[in-house]
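Residue numbers (numbering that gives the first Met the number 0): 0 to 179.
No wet-lab data here; the hints were simulated from the structure. It cannot be assumed that every hint is accurate.
Taking CB as the label site, the calculated pair distances span [as the list claims (entries may be wrong)]:
hint	residue 1	residue 2	range
1	G69	M0	27 to 37 Å
2	R59	A138	32 to 42 Å
3	R59	D100	45 to 55 Å
4	A22	G69	22 to 32 Å
5	P142	A165	17 to 27 Å
6	A122	E42	41 to 51 Å
7	F118	A61	40 to 50 Å
8	G69	P170	49 to 59 Å
9	E8	S163	28 to 38 Å
10	S159	A105	36 to 46 Å
Even glycine gets a Cβ: it sits at the ideal position worked out from N, Cα and C.
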Amino acid sequence: MRTTVAQLEARLRRFEDAEAIRACVHRYMALCDRLDASTPLAELLDCFTADALWTGNGARYAASFGGYQGRDEIGAMFRRYMSEPAHFAMNAHFLCNEQIDVQGDAATASWLMLQPSTFATGASHLNAARLTLEMARCAEDGPWRIARFETENVFSRPVSHWHSEAALPVPNPPTELTTQ
0 MRTTVAQLEA RLRRFEDAEA IRACVHRYMA LCDRLDASTP LAELLDCFTA DALWTGNGAR
60 YAASFGGYQG RDEIGAMFRR YMSEPAHFAM NAHFLCNEQI DVQGDAATAS WLMLQPSTFA
120 TGASHLNAAR LTLEMARCAE DGPWRIARFE TENVFSRPVS HWHSEAALPV PNPPTELTTQ
């Protein structure tokens with residue numbers, strides 16, 4: 000079977016769309032990593048459609064986060080974290096196990112997320128969550144935005160601290176620098 004130019008163009012479009020979805024989610028996560036009073040809230044909310052839903056699923060995240068419909072409610076939720084001193088002293092989102100399925104101007108996407116955080120109080124926490132997103136292309140050939148963001152806890156635990164001077168647990172560590 001011979002591949003037509005139209006089929007190649009459609010495949011290329013799906014790849015480009017998947018990359019644009021990744022860029023949108025990456026921007027959202029990067030802004031959340033630095034969430035404080037100076038975070039550009041309008042830029043963060045621009046990652047969402049006007050009527051987007053942001054929700055915590057499962058017993059733990061539903062109780063902790065709740066759900067928010069539309070940019071105004073989502074913005075109000077994020078403003079709770081945008082204080083001085085910042086709620087997060089350190090926050091990082093790591094995404095893996097990505098799945099993106101583009102179907103025209105809509106897409107579903109999922110990731111497994113690992114999030115180590117240290118808070119202004121000095122306490123630290125390690126969370127893992129499943130993210131399930133519905134994405135929408137805004138206007139023909141427009142940007143992709145999050146239409147539905149669902150996060151569900153996989154595990155969550157406090158940790159004492161992140162940085163330690165303790166030696167790494169490796170078998171038979173070298174006693175001096177060796178170069179070849």
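Please test the hint of 28 to 38 Å on the beta carbon pair from E8 and S163. Since the Cβ atoms of E8 and S163 sit about 53 Å apart, the hinted range of 28 to 38 Å is violated.
Given the range 27 to 37 Å, decide if the beta-carbon distance of G69 to M0 lies inside it. 46 Å Cβ-Cβ, so the 27 to 37 Å window is violated.
F118 and A61, beta-carbon distance inside 40 to 50 Å? violated, 21 Å
22 to 32 Å was suggested as the range; check whether the CB atoms of A22 and G69 agree with it. Given about 23 Å between the Cβ atoms, the range holds.
Return holds or violated for the Cβ distance of R59 and D100 against the range 45 to 55 Å. violated, 27 Å
If I claimed the Cβ atoms of G69 and P170 lie 49 to 59 Å apart, would that claim hold in this structure? Check passed, 54 Å falls within 49 to 59 Å.
For the hint 32 to 42 Å, verify it against the beta carbon of R59 and that of A138. holds, 37 Å
Satisfaction of the hinted span 41 to 51 Å by the C-beta atoms belonging to A122 and E42: violated, 28 Å
A range of 36 to 46 Å was offered for this pair. Does it hold for the Cβ distance of S159 and A105? holds, 44 Å
A165 and P142 - C-beta distance against the hinted 17 to 27 Å: Hint violated: Cβ distance 45 Å, outside 17 to 27 Å.
Against the hints set out earlier in the document, violations occur for numbers 1, 3, 5, 6, 7, 9.
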